[in-house]
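The task is to assemble the complex, starting from two chains supplied on their own in separate frames and drawing on the hints.
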Amino acid sequence: MFSEKFLADFRQSFIEGDRWLLYVKGIGVTLQVAAVALLLGIVLGVLVAVIRTLHDQQRPGHRNPVMGILNTIAQVYTTVIRGTPLMVQLLIMYFVIFVNTRNAIGVAMLTFGINSGAYVAEIIRGGIMSVDIGQMEAARSLGLSYIPAMRFIVIPQAVKNILPALGNELIALLKDTSLVTVIGVRDLTKTAQLIQGKTYQALFPFVGIAIVYLLMVMIIAALIGVVERRLAASDRR
Amino acid sequence: MIVVKGLRKSFGDNEVLCGIDEHIYKGEKVVVIGPSGSGKSTFLRCLNMLEYPTGGDLIFDGVSMTDPKSHIDMMRRKMGMVFQHFNLFNNLTILNNMTLAPVQLKIRTRQEAEKDAMELLDRVGLADKAAAYPSQLSGGQKQRIAIVRALAMHPEVMLFDEPTSALDPEMVGEVLDVMKKLAQEGMTMVVVTHEMGFAREVGSRVLFMDGGKITEQGTPQELFNHPKNPRTQDFLSKVL
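Order-wise, the sequence lines are chains B and G. When you line the first sequence up against numbering that gives the first Met the number 0, it's residues 0 to 236, in that order. When you line the second sequence up against numbering that gives the first Met the number 0, it's residues 0 to 239, in that order.
Since the hints were derived computationally from the structure, they do not count as laboratory data. In this text, a Cβ means the ideal position worked out from N, Cα and C, and glycines have one as well. A few of these clues could be false.
[Unchecked claim] Computed from the model, here is a short list of chain B residues facing chain G with C-beta under 8 Å: (1) A137; (2) L141; (3) P147; (4) P155; (5) S177.
With the rest of the complex left out, here is chain G (with noise of 0.2 Å):
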């Protein structure tokens, strides 16, 4: 669904992605850990070209997304994202945050959106919450809205920029519960994050990541129980 080939991404001197070749593919679960600075955000941002790669390519269903020929607005209404800190639009209502990218893209009637919103809305248990401003909200509840705003457009793969960082550790099980649920209905996911517990569990695929480049992947089973690298080995004595 998503080739890597040979992705460079620099801030000024600073090379941050050191060329990543990978392949995600369709109903693949990729959890990418790794320490701070390892470029895993960047990697996922890179993904739908929230950051401009510097060298290499990505290929999105066949269509190379650095082309500048290719409609990226296009490629990004398949691809659902979920921030660390929400980004739910403060201006809007939750409804209104829901319904704004696919009527404005006329994708479907405001009517329609609606009835769609409330039912994603539902799934995560805040249908109460359609008219609140997302400032009245908590951060599990935020990040909950965030999740069903992403999927309100149908998207094919959702990427998770550490969904729960920023969540007070009381919540972070109510928003992980929406992810788990989203892998079980066969969501493509790639998710960047410090929830081990979760990598392990929903995971199909686990990427380690370190000094911008994957230097050891595997089922969770292998990477977790039998990690080969020695960064890997000394990076999961600390965090596990």
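So here's chain B without its partners, still in its complex pose (with noise of 0.2 Å):
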């Protein structure tokens, strides 16, 4: 009896009418919104640190005014990113700025990827600031200048530094994705409201998506493992 209903349900929830269909659409969506606006977060997050740390470790006395400046707006741009709610900024992207274009998961990938910045920044900055600054003295006082010396020796440091703190970053990415419902982009969590609205089913939906979300993070877990392992060769004692 109950086993029945429970199979009905299910074959209601996922199967009839190819639904199955839509939850892999769904799937899709998020992904790309999430892939790309890492690659954006992880482009502006670099940028920002990078123009962070060259700021603060101008000698004192030969500041460049340039520098200031570009270091301000960054400071704000953080400061307001990490001040306000993801959902609040996607409805000021999505309502205010961008009011005439229908494409919403450009939107999306733009204001997740703009959000992800600020924190990638910080993650950078502090790999950056965590590397011993022997490294670069060393580095400077074979000749080499200050972009070489972060490009070969205190980058690949501070990236082996940070990459738990940025895969958790990646996580919460991905996840945050859901809220692009608000903006009508129709991603895995959107597709499940959509089916519970025609079916009147919620219990399979729902539960369904948290499985498929939690099963894309834990092989993001594993990937970011990969990796770290793969970093840890120079740590071989």
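Shown next as structure tokens:
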């Protein structure tokens, strides 16, 4: 009796009318938004982190005014983005700034990328600062200039230090993409909501997508673990 | 080779170097000694501008280093530096530690740089460590690598910042041996150290620093056997 109803609900939620295809499409949208946002976030994050570190590492008395302006912009950016809710940012971007576009996915990618950038910037800045100052000094003492010293010595070591935190950020980003439902993007969460509206089934769609999110996060965590072990080659003792 | 003129350095309100005038000639082995906080390390770090002087001037091979127009990276190529804490590049193998700068600065091709590096490693008995990472080496081995890494740039002068202070006592000897060999080959050296035996044996001139000034200097015999300044006498009576 009970199991029959259970099976019927399951069929209705996933199989009838090939509804599982909608979920797959939803996963595609979720991953797309997360991936583009991650890329944008890393680009912005590195840029902001480098500006802020460069600014802080200038010799006292030899400050460059351009760096001062860039640094202020970077600071305002991180303060505003970290200080306001992501959902509010999404609503402002879609209904105020890009009110004339119907490309909700594009707006979502941009918003999540900008948001992620602020967090990634602080993670990277922390990573750069965590590398012993002696590494930079040794590189400079050999005649390497600032940029190659950063590129070959400091950044690779910083990346290794920040990988766990960066993985966290990626996982948070992936889950936060469920907020795109508020601007009508048909991601995985929106798909479940639509199916719930049609079938009056809540259990299977929502628990179902919860499991899908969980699986995606577990896969990402495993991938990060692999990269971490790769980078740990120079730690062999 | 290096002329120091009225060198001053302060950190905030704290003046660490209060006007130093000094001349380091080619082939000299200058040993800098003195109590901690006397400014020895800061003086050495100013010589290749890792610390930016707040006053005075440094002239290397006839070119002012503090002049904003002079190319400090080019000058540093000719000045090797060895640090108290080794500062080997943790993310690179020993061989890559040594070849990074010569190859990136396009001084040598990778092949030439590797051949050169292997010869240098051979000289300090560590050729078998070429593929190892710094974390796999002992302190003494790291410091010997740090010395040959600096030598891989074929510098004109070598600066040593307390190279044996972070080592276990039994490893001090192997590092000092490398430095002695280098001295015999005629390298110009400036060494900040607490190893008085090394200063006596290798130094061609010993500088005693106190309170941000060079308060006494002379040959090792003069300075160690007949110190004139009471502060020097006091310091030496405690460390010898």
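Evaluation of the provided hints:
1. This hint holds: A137/B has a C-beta 4 Å from the nearest C-beta of chain G, less than the 8 Å allowed.
2. With 8 Å as the threshold, the beta carbon of L141/B comes within range of chain G, its nearest partner Cβ sitting at about 4 Å, so the hint holds.
3. Of the supplied interface hints, the one on P147/B holds, with its beta-carbon coming within about 6 Å of a beta-carbon of chain G, less than 8 Å.
4. Interface hint status for P155/B: upheld, as the beta-carbon distance to the closest one in chain G is roughly 5 Å, under 8 Å.
5. Interface restraint check for S177/B: the shortest CB-CB distance to chain G comes to about 37 Å, outside 8 Å, so the restraint is violated.
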